Amino acid sequence: MAHDEVPAGADDPAMDGALQRHYAGERLSDDRVELILAEGRQVAPRRSWPVWMSGVAAMLMLGFGGLQMQERASFRGAVFAEVAMNHQKNLQAEVVATSFDKISQQLDRVEFDLEPLTPMADAELTGARYCSIQGNLAALLKLQINGRRHTLYVTPTTADLESLAPHADVHDGVEIRMWQEGERFFALAAEIDG
Amino acid sequence: MRELIQAGYGYALSLTHATGDAEDLVHEAWLRLARRGQHAPDRALLFTTIRHLYIDLWRRQDRHPTVEIEDESHTAITQSEDQQLDHVDLTRALKGLRVEEREAIYLQAIQGYSAAEVADLMAMPRGSVLSLIHRGKARLRKILCIQEEETPDGP
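Chains as they are written, first to last, in my numbering: chain C, 1 to 194; chain W, 1001 to 1155.
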């Protein structure tokens, strides 16, 4: 791995050297490391498969791998289409607020945090409404980024959604980026020429 | 394996900025991987597991670090006195950064990850990563500079 693509001002060998010395001085004690290793060795995997089962599983995977890939591509297409369509519909906000906290308070059917950890520089919230992604309850947040209309979707991650993130693509002229943060799934949409 | 755990601890520390929480984080991540049969994970898998745990356990529950980094009961600093001062200054300066800035800087400056690799791990665009690194280091320089200016001159 190599340092690359570092913008002007970020390429600072003296600072990097100081940081390297700093973190080199921060080490777990040997006792704690040995404890972690020992406990790790004692932990049995949740499910232990006989060797022959692995062979069967491999054959099944070969047999159904192509089908699964097709299904995943189809699911991805459906999610992209749903996100793009909802963005283009631009339905009126059910909640008008300019902060994640206020929107969370008013969308009381939503039991997950709405604010992404991923920084969204210059984003200005304008409102929100309920929606769904493939049948799962989601929050649709309306925001402006540098004067450009964006729609942010937040929903709890499912196994199907987890297989999609991170991913970015364009569907029907809408640029869509999907990502996952812990147990939450996010999709951000904006029209390319918006 | 020991160095991998130490690297995981450094990464956890960049997230929590608290030694006690970082120890718990890397410990729990290691056990979680072991429960999945991953007794010798690679670095990317360990870091990803630490990151998900941090997001789930620390941020989602709005849990705040309980042990400040100055409590160095589990650290082993072997530096000269000058470097020790440097270490303390940097500890304070790093505390002034946003978590994402500290994390991106750690991965780039300490682990040697490229911007694209950091972007993959942090699940954000490469441009955002470059911006985090740039802003974070600028903020570090500013904080350290302010601290130097605030130091009273001797007679």
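Just to be clear, a hint being listed does not mean it is correct.
[Said to hold, decoys possible] Computed spacing ranges between beta-carbons, pair by pair:
no., chain 1, residue 1, chain 2, residue 2, range
1, C, Q106, W, R1002, 46 to 52 angstroms
2, C, D11, W, R1043, 19 to 25 angstroms
3, C, D101, W, G1112, 36 to 42 angstroms
In case anyone wonders, no lab produced these hints; they're calculated from the structure.
None of these values were measured; they are calculated from a predicted model.
Don't be surprised by glycine CBs; every beta carbon is placed ideally from N, CA and C.
Now the hints, each set against the structure:
1. C:Q106 - W:R1002: 46 to 52 angstroms: holds, 50 angstroms
2. C:D11 - W:R1043: 19 to 25 angstroms: holds, 24 angstroms
3. C:D101 - W:G1112: 36 to 42 angstroms: Since D101 (chain C) and G1112 (chain W) have Cβ atoms about 38 angstroms apart, the given range 36 to 42 angstroms holds.
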